[in-house]
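Undergrad: Going line by line, the protein sequences match chains A and B. Here the numbering used here is used: the first sequence runs in plain steps of one and ends on residue 456. Here the numbering used here is used: the second sequence runs in plain steps of one and ends on residue 1456.
Among the clues, some could well be false.
[Said to hold, decoys possible] Partial list, derived from the structure: chain A residues whose beta carbon lies under 7 Å from chain B:
{"id": "1", "residue": "I168"}
{"id": "2", "residue": "A266"}
{"id": "3", "residue": "K272"}
{"id": "4", "residue": "T282"}
{"id": "5", "residue": "W283"}
{"id": "6", "residue": "V340"}
{"id": "7", "residue": "K419"}
Don't read these hints as lab results, they were simulated from the structure. Backbone N, C-alpha and C define an ideal beta-carbon position, used for all residues, glycine too.
So you can see what is in the structure, the chains are spelled out below.
There are 2 protein chains.
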Amino acid sequence: MTDEIRKIVPEIEELLANRKFHELRSMLSSYEPADVALLFDEIDEESIPILFRILPKEMAAECFVEMDSDHQVTLIEAFSDKELTAVISDLFVDDTVDIIEEMPANVVKRILVHSDPQKRKEINELLHYPDDSTGSIMTTEFVELKPSMTADNVFAQIKKTGVDKETIYTCYVTDPARHLIGVVTVKDILTAPKEGMTVGELMEDQVISVGTLDDKEETARTMSKYDLMAIPVVDNEKRLVGIVTYDDAMDVIESGDTEDIEIMAAITPTDKPYLKTGVFATWLKRIPWLLLLMVSATFTSGILKHFEDALTRSAAMTALIAFIPMLMDTGGNAGGQVSVTVIRGLSLGEISMRDILRILWKEIRVAILCGATLSVVNFGKMMLIDRVSISAAIVVSLTLVCVVIIAKLVGAILPILAKRIGFDPAVMASPFITTIVDALSLLVYFKVAQLVIGWA
Amino acid sequence: MTDEIRKIVPEIEELLANRKFHELRSMLSSYEPADVALLFDEIDEESIPILFRILPKEMAAECFVEMDSDHQVTLIEAFSDKELTAVISDLFVDDTVDIIEEMPANVVKRILVHSDPQKRKEINELLHYPDDSTGSIMTTEFVELKPSMTADNVFAQIKKTGVDKETIYTCYVTDPARHLIGVVTVKDILTAPKEGMTVGELMEDQVISVGTLDDKEETARTMSKYDLMAIPVVDNEKRLVGIVTYDDAMDVIESGDTEDIEIMAAITPTDKPYLKTGVFATWLKRIPWLLLLMVSATFTSGILKHFEDALTRSAAMTALIAFIPMLMDTGGNAGGQVSVTVIRGLSLGEISMRDILRILWKEIRVAILCGATLSVVNFGKMMLIDRVSISAAIVVSLTLVCVVIIAKLVGAILPILAKRIGFDPAVMASPFITTIVDALSLLVYFKVAQLVIGWA
């Protein structure tokens, strides 16, 4: 088949040269699109658009998909907007994505602009950009200017094309190779100090930009930090390929926070609002974590089991059982306070890996203060209200200090460690901290009891 | 970027020490004001005024706004009257108000004295709005138009006054009594279909607005929902008094989420970043909640104490002690999952009071599914791995179902109830839910044990 089509190349060239388009079309219609695509390798470059336009309509899109990407570029550049829209609307999204992955930035832009919004969204999602990348949230509809333009040129361009742009207020200045060289706002132009200043004179050439593969939440936080209405997105070669606007950044921040909060509460996050999630889906989001945490509690049970005899041996020991929940809860709460603070700090970019020693040093001091306060109050309460023996009060109060210190340190270290090894730090929030601290608390409790009450 | 600025600290210190101010200034001018502001945390306090005076003029005000409030005080105290007036006149009114709110009274007085009368009046007005109100975050610097204006009039006005406005892109149209009658964007004007159209013809007269006393977080969420760059704020008589811009809305959303997260983790929220909060201040944010929760655990201790005899009476009962932590943790986790989901839903405005029955009905079904799953897995685990008696396995597994159902219902109801009586629902997150569910779990556990094992 492949050879067969090669054989007809001279014939095709002749038909093209003689402008016998009708004959050519009926001839081509008997071939497979994948084969016809090969023809484009054989003919002159200037004939490519003509040949494509001759193709039977139902064959055109399929043929386009099969074509070498250089020819696709040639064609897209030759297409009118209407032709491009027609071809793209005939393509499957995954094919469009495959095509786009091979295209230079300006062609990608043109394809995305001429897709309808739904398709564009799907393309962006499917495209090489991972779900959590900046590329997946960017838009390709922005105002692009040349440094030589004057205010009148800019406003004329905005008047002509601006209606379709996501924002016209922040405009990006590029060189002929589409590298981002500056940014200028409509405000800069409207409030220019002199008449007749060019874009090149008015623009700011220190531009904060992000890469297509940068984390989308970090991009949104950067925009928030610098109060940006839009941020330019560049590819590996530093060419401008898109922008992210403040409204999308807000959505990312809101849903990122929701995700963090859900993970911290041991729920698998989803984008769906609570009331729209079915009972089964809700169960599925929660049960794996409940199971995992329940099974992890085996350690705690094991420890208790181990000390079962000791606990029932004397009244002094039995009295200690009543304070197990209080110790465990306090440990969980104290650890949760730190871990959630650290997780949020990491999320907002306020703290990073290299702050670990500062955090630990701070938390040790806070833990001693908190532990001591709780211990004193607890000792008073146990003596005056619970009226237990002084040795029991000492055991519980001493344990309390240790538990709070352990919990604070575990709560500070685990989220940072999680981040370090590439996990979401939010996983290391109260539920996990509680499970770990529970086991440690019990060990300390019995060790202290052994020392103070003196059983072997 | 943030890390980048930290790296140049030694270099900056050296340039400062050698009084190479010119070099220092040109070096700093390539950074963003928000990053330069971080430098002030790193250098000696006595160098702060020197460094500030070196800053390029256009950067100084923006940098001042982003700075830690302690450094702002240091600077204001070091400023001559003339310097203070210059800095204040470069600040937006809403930023000035934010700064003033953190300052000691004598500094506030000095700032007000050095503001021009119009600005002082606006500052004073804004200062009277409650902390969480929209009035407290709005700015009074916006472009106000009359319906009869043409595009040329508008651009002339923007050219004259626009430099000082926080946004020029969304302009507000008012009648002679300053009632808001419409909104028009610079984009509408630039892309107007015909020459010579007036503001009245181009404006949108359906305007989304908020009141000065509306909750600021709700205002920010409204802006996010409708993708608004700015939202007009009206007083009781529906007169336009200010606007809120997207950058402030983003900050409100971020810090609102941080606040929710902190409250959910039983921490008193503050605006200060973690690393800048001192040990004592951190202790103060955490200890009241730890104390409260510790004392609340008295109920749990009381219940355990009450059943102490029963627990030590037989080996079958003693075996049950080992599973107390697992039951309590599972209850806490299951309840926390719901409460956090409901709290977030309330915060985002996705659920409200009238959804309570739908939520309960849904959570009952989810709870039964979760409880049953956990119960079955636990029964298997206790029989096969822990190798306990069948009656112990039955007691624990039956209790597990009840605990999960109770926890889910408590977790669903309490945040909504809290909202109903005017408390922050975020208080009703895992720590409180855990404390309540702990006590209920133990009661159920012993009741079930009584029924199954049969002690009186």
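Undergrad: Hints first: check each against the structure and report whether it holds.
TA: Status of each hint after checking the structure:
1. Of the supplied interface hints, the one on A/I168 holds, with its beta-carbon coming within about 5 Å of a beta-carbon of chain B, less than 7 Å.
2. Hint status for A/A266 relative to chain B: holds, with the closest Cβ pair at about 6 Å, below 7 Å.
3. With its C-beta approaching chain B no nearer than about 10 Å, A/K272 sits outside the 7 Å limit, and its interface hint is violated.
4. Against a cut-off of 7 Å between C-beta atoms, the interface hint on A/T282 holds, since the closest Cβ of chain B lies about 5 Å away.
5. Because the beta carbon of A/W283 sits about 4 Å from the nearest beta carbon in chain B, less than 7 Å, this interface hint is met.
6. Of the supplied interface hints, the one on A/V340 holds, with its beta-carbon coming within about 4 Å of a beta-carbon of chain B, less than 7 Å.
7. Using the Cβ-Cβ criterion of 7 Å, the hint placing A/K419 at the interface with chain B is not satisfied: the shortest such distance is roughly 15 Å.
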